[in-house]
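K.L.:
Here is how the chains run, residue by residue.
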Amino acid sequence: MSDTKFEAADRPVMLEIRNLITSFGPPERPLVAVDRLSLKLRQGEILGLVGESGSGKSITLRSILGLIRPRGRVSGEILWKGRDLVPLSERALGDIRGKEIAMIFQEPMTSLNPLLPVGIQITENLAAHTDLDAASRRREAITLLDRVGIPGAAARLGDFPHEFSGGMRQRVMIAIALASRPALLLADEPTTALDVTIQDQILRLLQSLAGEFGMSVILVTHDMGVVAACCDNVAVMYGGRLCEIGSTDTVIERPAHPYTEGLLHSIPRGGAPRTPLYSIPGLPSGLADRPAACAFASRCPAATQLCRETLPLPTEVAAGRMLACHHPRRTAEELRHG
Amino acid sequence: MTTLEFPAPPQRSRLSAFLGLALRRPAFLIGTGIIAASLLIALMPGLFAPYDPLAFDMGAIQQGPSLSHPFGTDGFGRDILSRVLWAYRVDMQMAFFATVFALMIGVTTGALVGYYGGIADMIFGRLVDAVITFPFLVLVIAIVAVLGPGLVNMYVAITAVNWVYYARLTRAEIMAQKAQDYAAAARVLGYSDGRIIFRHLLPNALGPVIVYWMTDMALAILLGSSLGYLGLGAQPPAAEWGVLIAEGRNFIMTAWWISLMPGLAIVLTGLGFSLMGDSLADLLRPKGR
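Just so you know, the sequences run in chain order A and B. Per this note's numbering, the first sequence runs over residues 1 to 338. Per this note's numbering, the second sequence runs over residues 1 to 289.
Please keep in mind that the hints were generated in silico from the structure rather than gathered at the bench. Beta carbons are placed, not taken as given, at the ideal position from N, Cα and C, and that holds for glycine. One thing to keep in mind: the hints can contain errors.
Stated by the list, open to error - Take a look, some chain B residues computed to stay more than 10 Å from chain A by CB distance:
1. R24
2. M44
3. G75
4. I105
5. F124
6. V131
7. L169
8. P237
9. A238
Claimed, not checked - Dumping the calculated SDA-like pairs for lysine to any residue here, alpha-carbon to alpha-carbon at most 20 Å:
10. B/K178 - A/L67
11. A/K81 - A/L93
12. A/K81 - A/A183
13. A/K81 - A/K99
14. B/K178 - A/L116
15. B/K178 - A/E90
16. B/K178 - A/G72
17. A/K99 - B/G194
18. A/K99 - A/A183
Input sequences plus hints: build the corresponding full structure.
P.N.:
Listed below in structure tokens is the structure:
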């Protein structure tokens, strides 16, 4: 286990986000959806981006591919293989989208073009981004459908999206996204609309494909269970800001941010029947009235005057562990050694 | 243990599935039947018309419907049935040419402004406002009056006004499709704008446009006939339904068949287009199947 960790830390950094700020609305009174977010993603790494609705996790993903333009504004640096994506034109981004960085969405029912057979939708990506001829594109499409676990792949190339179930459509989406062998897959809640057994299959599939292709994945989810099932590292977001980042097992075993702790506590597990489920008290503040200090202070059990006045900055508290909190739930000593 | 053999489900091609559904709709059958027959007559009127549509017969002036002249004759003894049948050629052409250019220009413009929005969309919006402020017919008559009467000028005039309606409809449909997840997915796959608009969005937006086109062809016949009646469209002695009706208007009390018979042809063809358009609307909706 420690061997693989060491090896993982040696792999090249594919994506580095520095001080990403994504805002909407009038420039004089901006609504800041993502606030000074920084993170690193290595080759082959699966990073879980967790947070509740409105925490800015999906906006972060969309910012990477320039999808929030023209209505939103992005500043900071998004370094993809050392090249900053933020200033790139729509045309230049078009060369990266789909080819190097692919994305899949939450809703498999509506993410496919209803009028085109799935085979054409897969080969279309190959036609746009590779030099394969028609016959090899077709072969490749069959291989891909087969690889994502669609039985009788060759016979289903001519089928339309409405002839597939939700889980099967998400597999087709993955096959389309993977057709051009991207180095990074952005998955925006890919399993939220699916039932639990299918969810597990899709996660396993993503995990094995990431290993097989050496592909990095950012998996956005609000479900800590999903993170625990398949992510190497996890980044927890609240109110557009990063709370903590660390390897999945250490964060789950020893959460340091009170919000992470609350999230983990909110997972329903084996309680007596009819006991109320735990939820973090209060509601996240809206985009317009987000405090300049710690966004979580109003709901945090450990909050003090300090939290309401100054913003805690992310600091490295242990190797590979960032934390932005004035009153961590564990001492630095505990975080370093467990 | 023996394995159970399940019979393979019967494979049906998509075309035959579509036809199977289509054939179960009487409205579709009747509409397509009327339009198919109209097209056939328009292609070969000589085959069906018993007389020369332009031949005078001074021995049979203003005769009522009879066995030898089922629709009667006009003031020059010309056979009304033959004239009505020959008029199919002109009127079906009108239905097509008065709409098809408007369709092409309107759909392309609507797709582009709907997708890109912004300044172009605002300018387009004002243009639409300006055009739809005028009653359709008044504007067309004004343009024909400037260009001069005749079929080609009539097509130009109708297209100049009509494309706006296609563009407006297409724009709205494209905007709705653009908000769909698959459009975002196509953008994320790095596809070019042209590919996204014309391959992914437009086919999904085209259903209502095609249906509108069908009913618009019926309207184009009415419009063309009206202009023919007013002397601005097809010119006499060419057989055109509006012209035929106009020819009979002085004798409406004594020889009603001269105006009524071409009127019935207009009604029938218009009905055919409408029935076909309406049932096509149902058939084209993927969920309606």
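K.L.:
A separate judgement is required for each hint: does it hold in the structure or not?
P.N.:
Outcome of the hint check:
no.	hint	verdict
1	R24	holds (20 Å)
2	M44	holds (36 Å)
3	G75	holds (55 Å)
4	I105	holds (23 Å)
5	F124	holds (18 Å)
6	V131	holds (29 Å)
7	L169	holds (18 Å)
8	P237	holds (48 Å)
9	A238	holds (42 Å)
10	B/K178 - A/L67	holds (13 Å)
11	A/K81 - A/L93	holds (14 Å)
12	A/K81 - A/A183	holds (10 Å)
13	A/K81 - A/K99	holds (14 Å)
14	B/K178 - A/L116	holds (16 Å)
15	B/K178 - A/E90	holds (17 Å)
16	B/K178 - A/G72	holds (18 Å)
17	A/K99 - B/G194	holds (18 Å)
18	A/K99 - A/A183	holds (8 Å)
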